[in-house]
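Chemist: Spelled out, the chains give:
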Amino acid sequence: IQLTQSPSLLSASVGDRVTLSCKGSQNINNYLAWYQQKLGEAPKLLIYKTNSLQTGIPSRFSGSGSGTDYTLTISSLHSEDLATYYCYQYNNGWTFGGGTKLELK
Amino acid sequence: AVQLVESGGGLVQPKESLKISCAASGFTFSNAAMYWVRQAPGKGLEWVARIRTKPNNYATYYADSVKGRFTISRDDSKSMVYLQMDNLKTEDTAMYYCTAETTHWGQGVMVTVSS
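Heads up: the protein sequence lines correspond to chains A and B, in order. Just so you know, the numbering used here puts the end of the first sequence at 142, numbered straight through with nothing missing. Just so you know, the numbering used here puts the end of the second sequence at 117, numbered straight through with nothing missing.
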């Protein structure tokens, strides 16, 4: 299964509602996770099984979707959210999307 | 707290071999599927290999890009996971991350393949 993330680069302001998209080449059956990676750091799990928030992750992060189309939403952007975000499917093999880099406008 | 610490990276020439290791602590290692994920400089994440637990016969899985060249293994008595990399290619140059159930991640170890 291939994953396509859009946009590849997103410029936003602090306080904005931000939506990131991930589209699979086949049905992912909700086995979709989201990771945040800041420069020079390891990835951090934010969301698993489409919409389950990992322990310790702020509630401004949420996930949704079904079938082939999934979304990560940040309800109100904080400056510390600037990072690259990756979706990851584990329904059929294991695949990462190409990433969305979130930068300050 | 969960801790994963990779080691053994470095600079090698094409066609050479290298074995990297990951020491785990802070969770029941024998119950966790372990993975290696890599990231080439300036690029995205790529899943490399996975090894399941003893009840699942330590089944292993590999990305097509490394199949036949890389071998993942584990030692539950030492809470260690390994990646043996043979016939290395320049395109294997990357930061290699060890991850438990893709939930907890180490800080990574750099492998550079260059002549």
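Keep in mind that the hints were calculated from the coordinates and are not lab data. Hints are not guaranteed to be accurate.
Chain B regions said to be covered by chain A (calculated; three or more residues, Cβ under 8 Å) [said to hold, decoys possible]:
1) 41 to 52
2) 86 to 94
No more than 20 Å apart at the CA atoms, straight line, and that leaves these computed lysine to aspartate or glutamate pairs for DMTMM-like [what the hints assert, rightly or not]:
3) B:K69 with B:E93
4) A:K142 with A:D106
5) B:K56 with B:D77
6) A:K60 with B:E48
7) A:K138 with A:E117
8) B:K45 with B:D66
9) A:K75 with B:E48
10) A:K138 with B:E48
11) A:K81 with B:E103
12) A:K86 with B:E93
13) A:K81 with B:E48
14) B:K45 with A:E78
15) B:K80 with B:E103
16) B:K45 with A:D106
17) B:K91 with B:E48
18) B:K17 with B:D88
19) B:K56 with B:E103
20) B:K17 with B:E93
From the three backbone atoms N, C-alpha and C, an ideal C-beta is built for every residue, glycine too.
Chemist: With reference to the structure, classify each hint as holding or not holding.
Modeler: Here's how the hints hold up against the structure:
With 5 residues carrying a beta carbon less than 8 Å from a beta carbon of chain A, the region 41 to 52 of chain B meets the three-residue requirement, and the given coverage holds. Coverage of a stretch by a chain is defined here by at least three residues with a beta carbon nearer than 8 Å to that chain's beta carbons; for the region 86 to 94 of chain B and chain A the count is 0, and the condition is violated. For a cut-off of 20 Å, the pair hint linking K69 (chain B) to E93 (chain B) stands: about 14 Å separates their Cα positions. A distance of roughly 26 Å separates the Cα atoms of K142 (chain A) and D106 (chain A); the hinted pair therefore is violated under the 20 Å criterion.
About 10 Å separates the Cα atoms of K56 (chain B) and D77 (chain B), which keeps this hinted pair within 20 Å; it holds. Proposed proximity of K60 (chain A) and E48 (chain B) is supported: the alpha carbons are some 17 Å apart, at most 20 Å. Simply put, K138 (chain A) and E117 (chain A) have alpha-carbon atoms about 13 Å apart, close enough for the 20 Å limit, and the pair holds. The straight-line distance between the Cα atoms of K45 (chain B) and D66 (chain B) is roughly 18 Å, inside the 20 Å bound, and the hint therefore holds.
For the hint linking K75 (chain A) to E48 (chain B), the alpha-carbon distance of about 17 Å falls within 20 Å, and the restraint holds. Distance check on the hinted pair: K138 (chain A) and E48 (chain B) sit about 17 Å apart at the alpha-carbon level, within 20 Å; holds. For the suggested pair K81 (chain A) and E103 (chain B), the alpha carbons sit about 12 Å apart, so the restraint of at most 20 Å is met. For the suggested pair K86 (chain A) and E93 (chain B), the alpha carbons sit about 32 Å apart, so the restraint of at most 20 Å is broken.
As the CA atoms of K81 (chain A) and E48 (chain B) are separated by approximately 15 Å, the hinted pair is consistent with the 20 Å bound. Distance hint between K45 (chain B) and E78 (chain A) is fulfilled; the C-alpha atoms sit about 14 Å from each other, no more than 20 Å. Restraint check: the Cα-Cα separation between K80 (chain B) and E103 (chain B) comes to about 18 Å, which is no more than 20 Å; the hinted pair holds. Proposed proximity of K45 (chain B) and D106 (chain A) is contradicted: the alpha carbons are some 23 Å apart, above 20 Å.
For the hint pairing K91 (chain B) with E48 (chain B), the CA-to-CA distance comes to about 16 Å; that is within 20 Å, so the pair holds. As the CA atoms of K17 (chain B) and D88 (chain B) are separated by approximately 7 Å, the hinted pair is consistent with the 20 Å bound. Annotation: proposed proximity of K56 (chain B) to E103 (chain B) holds, straight-line Cα distance about 15 Å (limit 20 Å). Under the criterion of a C-alpha separation no larger than 20 Å, the hint pairing K17 (chain B) with E93 (chain B) is consistent with the structure, at around 12 Å.
When each numbered hint is compared with the structure, violations occur for hints 2, 4, 12 and 16.
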